[in-house]
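Using the hints, position chain B against chain A.
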Amino acid sequence: MHIAVCLSRLPDPNTVEVDPLTGAVDASRMLYILNPADAAALERALQLRAPEDRVTALTVGPAEADSILRDALAVGADDVLRVWEEGRTSTRPAVTALLLATALRTTELPDMLLCGTRSLATGSGKVPALIAEYLDWPVVTDIVDFTLQGSMVRFLRRLAKGARSEGEVMLPAVLAVEAGAAALRYAGLPDLMKAKRAAIPVQDLSELGLSPVDLNFPAPTAQATMPPYRRPREIFVPEASLPPHERVLQVMSAGIAQKSGRIVSGSPEQAADQIIAFLADRGFVDRAG
Amino acid sequence: MAPHVLVIAEVEQDRLMPATLECLAEARDMVSGRDGTVQVVLPGFGVTALAETLAEHGADRVTVVEHAALERFSADGWLQALEPVLRDVRPALILAPDSGYGRAWLPRLSARWRMPLVTNCSRAKVIEDGYPEAYRFSHDGRLHERLIWARGVRVGFMMAPDVRGVPAPKRGRQAVIEMVRPMLDPATFRDRTLRTLPPDPRTVDLVDAERIVSGGLGVGSADGMNLLRTLAETLGATLGGTRVAADRGWLPSDRFIGTTGKIVAPKLYIAFGVSGAGQHLAGIGGSQVVIAVNTDGTAPMLKMADLGVVGDLHAIVPILLKKLEALAQGSAAPAALADAVPERELAVAGR
Numbered sequence: 125m126h127i128a129v130c131l132s133r134l135p136d137p138n139t140v141e142v143d144p145l146t147g148a149v150d151a152s153r154m155l156y157i158l159n160p161a162d163a164a165a166l167e168r169a170l171q172l173r174a175p176e177d178r179v180t181a182l183t184v185g186p187a188e189a190d191s192i193l194r195d196a197l198a199v200g201a202d203d204v205l206r207v208w209e210e211g212r213t214s215t216r217p218a219v220t221a222l223l224l225a226t227a228l229r230t231t232e233l234p235d236m237l238l239c240g241t242r243s244l245a246t247g248s249g250k251v252p253a254l255i256a257e258y259l260d261w262p263v264v265t266d267i268v269d270f271t272l273q274g275s276m277v278r279f280l281r282r283l284a285k286g287a288r289s290e291g292e293v294m295l296p297a298v299l300a301v302e303a304g305a306a307a308l309r310y311a312g313l314p315d316l317m318k319a320k321r322a323a324i325p326v327q328d329l330s331e332l333g334l335s336p337v338d339l340n341f342p343a344p345t346a347q348a349t350m351p352p353y354r355r356p357r358e359i360f361v362p363e364a365s366l367p368p369h370e371r372v373l374q375v376m377s378a379g380i381a382q383k384s385g386r387i388v389s390g391s392p393e394q395a396a397d398q399i400i401a402f403l404a405d406r407g408f409v410d411r412a413g
Numbered sequence: 024m025a026p027h028v029l030v031i032a033e034v035e036q037d038r039l040m041p042a043t044l045e046c047l048a049e050a051r052d053m054v055s056g057r058d059g060t061v062q063v064v065l066p067g068f069g070v071t072a073l074a075e076t077l078a079e080h081g082a083d084r085v086t087v088v089e090h091a092a093l094e095r096f097s098a099d100g101w102l103q104a105l106e107p108v109l110r111d112v113r114p115a116l117i118l119a120p121d122s123g124y125g126r127a128w129l130p131r132l133s134a135r136w137r138m139p140l141v142t143n144c145s146r147a148k149v150i151e152d153g154y155p156e157a158y159r160f161s162h163d164g165r166l167h168e169r170l171i172w173a174r175g176v177r178v179g180f181m182m183a184p185d186v187r188g189v190p191a192p193k194r195g196r197q198a199v200i201e202m203v204r205p206m207l208d209p210a211t212f213r214d215r216t217l218r219t220l221p222p223d224p225r226t227v228d229l230v231d232a233e234r235i236v237s238g239g240l241g242v243g244s245a246d247g248m249n250l251l252r253t254l255a256e257t258l259g260a261t262l263g264g265t266r267v268a269a270d271r272g273w274l275p276s277d278r279f280i281g282t283t284g285k286i287v288a289p290k291l292y293i294a295f296g297v298s299g300a301g302q303h304l305a306g307i308g309g310s311q312v313v314i315a316v317n318t319d320g321t322a323p324m325l326k327m328a329d330l331g332v333v334g335d336l337h338a339i340v341p342i343l344l345k346k347l348e349a350l351a352q353g354s355a356a357p358a359a360l361a362d363a364v365p366e367r368e369l370a371v372a373g374r
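In the order they appear, the protein sequences are chains A and B. Just so we're aligned: the first sequence equals residues 125 to 413 in the working numbering. Just so we're aligned: the second sequence equals residues 24 to 374 in the working numbering.
This is chain A alone, in the form it adopts within the complex (with noise of 0.2 Å):
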């Protein structure tokens, strides 16, 4: 089997700074990292390999982007790529997407291709769907876990607010994993001197038959960054116009209605049978018998 791995270089949110006035980012204290949730990818990828499998590691960026490919050959990648348009300054996550089908078409198809599910840079999240529809295969997102069953792969999916979701998906496939699904193994240092020397290849747009022409993908007119603004949770203020005492009453109780419950006392067996005969009579347990 063939897997392919795509892989991206962005700056670590953390070196992100962000001028409070103007909204412009300091480009020179970025530190640049692997994103987290490709490496989780690279490791499964690593991880499936069996002895006659291979693992191609792609990346969309200028020559810097050479390092983390020089590190997916260290950890245990077969083959890497690059694929750039000598100058550009960025790509939307279209372009991105475009140019890794293209590079994965005009090259070798694989029979599944693994990607972060989002970036720590735009972290558009877009990337791994628009892979698939350029290359008319199916994808799953949100990915925490997977195993390969014949031609399936079966998946756990993270959903909001705790839940998770189980499924399949056919393959050739796109699976976007999450940054948690596995943590990228430590090369060796044998490996990586001999990845710092490895020839990485490059292909530019005419390599893949693409123009210029085929990169305009419709854009906004007008984009500004700035510092990022959280909308401001409200908390209790006490009523003004009351008196000092009463306000500190507020203050004290948090502006949260006292309930007229009930307050017992007894030996510690009566106070648990207490509990439980509460807790039953609100349906929270099952009651004996």
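I should point out that these hints are in silico values taken from the structure, not numbers from a laboratory. Predicted model, so just to flag it, every value in this text is computed and none were measured. Keep in mind that the hints are not guaranteed to be accurate.
The calculated lysine to aspartate or glutamate pairs, modelled on EDC-like cross-linking and capped at a C-alpha distance of 16 Å, are [stated by the list, open to error]:
(1) K285(A) to D185(B)
(2) K345(B) to E188(A)
(3) K320(A) to E188(A)
To list a few chain B residues with every Cβ distance to chain A over 12 Å, as calculated [as the list claims (entries may be wrong)]:
(4) R51
(5) V54
(6) R57
(7) T60
(8) P107
(9) R137
(10) G195
(11) L207
(12) A232
(13) R234
(14) L240
(15) N249
(16) R252
(17) D335
(18) K345
Backbone N, C-alpha and C define an ideal beta-carbon position, used for all residues, glycine too.
Below, chain B alone, put in the same frame as chain A:
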């Protein structure tokens, strides 16, 4: 221009996801004062009853897309069922929750239509007479981006959940409800969901927990907290506590409740050794049923409780555990969470 805004609803376990209602509130704001309409597309099976809730939260028109194959999510199925519906509606703008489901099929639609699709939005609106505008988070929330499109461009917005909050519904508000029954062949769906697994009470975020057992300074030690952890597991509850307990290292710092911690709204809240300082009470206002156990009969926490017990938790909890285990052996596991108390009126609003 009278904008026609379309919201794509998401249903999980026969319930509307709060994120859908957040999108609906955002859509309502977009059309207010412009004489526009808000239409909701509700895919699923046997979900027509939810149309009423959508109307109360601001939908003018609800299009139920019903098919047995849409009972559980499939990206292929959603695309096959909804692309024709959306094409007929020709909405000016599309809003959907930014969820794993949405990100599996909406980007594909956006590629087919060459429609800009903005994910992770904190805010979406229309400026003046038809310039779509979005604010979105990037770089893991470290940066906010503001995007504006040319007038009249159809844009899809995927709204980050839990940003806006769900406003209170308007009782009795009506909407036009229509049914679409697409022709679908589930055999052509390459991906499908088999079942949904409920959240694990041990790991779920306190904010989403349905039952909480919490401990305060009266717990006395990490061992005391472990006792409560056992009780929480027996009751199918999540363990939380006060800031004091977390500061002493008895609890992880994402597990404390109050002004500076989590604001919770469980169906059942049991407090052990919690005196009830205002800072803690401010975090539990949404709780439905409260039980408090404290040695001090004058503790404010007891006045907040439906059942207040004056006594020592170290003596009570072991007996309680024994009795609960005896009960569990005598009958089945704890009663199903959903049946415990009547459905709460979406108390997620002020979170």
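- Message: Please check whether the beta-carbon of R252(B) is more than 12 Å away from every beta-carbon in chain A.
- Response: holds, 17 Å
- Item | Assertion that R57(B) lies outside the chain A interface [Cβ separation over 12 Å] | holds, 21 Å
- May I ask you to check that N249(B) keeps its beta-carbon over 12 Å from the closest beta-carbon of chain A? At about 19 Å from chain A, N249(B) clears the 12 Å cut-off, so the statement holds.
- 12 Å cut-off, C-beta based - L207(B) kept clear of every residue in chain A: holds, 16 Å
- Query: Taking 12 Å as the cut and beta carbons as the points, is P107(B) off the interface with chain A?
  - Reply: The assertion about P107(B) holds, with a minimum of 17 Å to chain A.
- Query: Once the closest CB in chain A is found, is it more than 12 Å from D335(B)?
  - Reply: For D335(B), whose nearest Cβ neighbour in chain A is about 7 Å away, the distance does not exceed 12 Å, so it is violated.
- Message: Using Cβ atoms and 12 Å as the threshold, tell me whether R51(B) really stays out of contact range of chain A.
- Response: holds, 17 Å
- Query: Taking C-beta pairs only, is G195(B) more than 12 Å away from all of chain A?
  - Reply: Its Cβ never comes within 12 Å of chain A, the nearest being 26 Å, so this holds.
- Would the pair K285(A) and D185(B) pass a check requiring their Cα atoms to be no farther apart than 16 Å? Distance ~10 Å between K285(A) and D185(B) Cα, so the pair holds.
- Message: Check whether the Cα positions of K320(A) and E188(A) lie no farther apart than 16 Å.
- Response: holds, 13 Å
- Message: For R137(B), is the shortest CB-to-CB distance to chain A above 12 Å, so the non-interface label stands?
- Response: With a cut-off of 12 Å, R137(B) comes too close to chain A, as the shortest Cβ separation is near 6 Å.
- Does R234(B) really sit off the interface, with its C-beta more than 12 Å from all C-beta atoms of chain A? violated, 7 Å
Going down the numbered hints, you'll see the structure goes against 2, 9, 12, 13, 17, 18, while the others check out.
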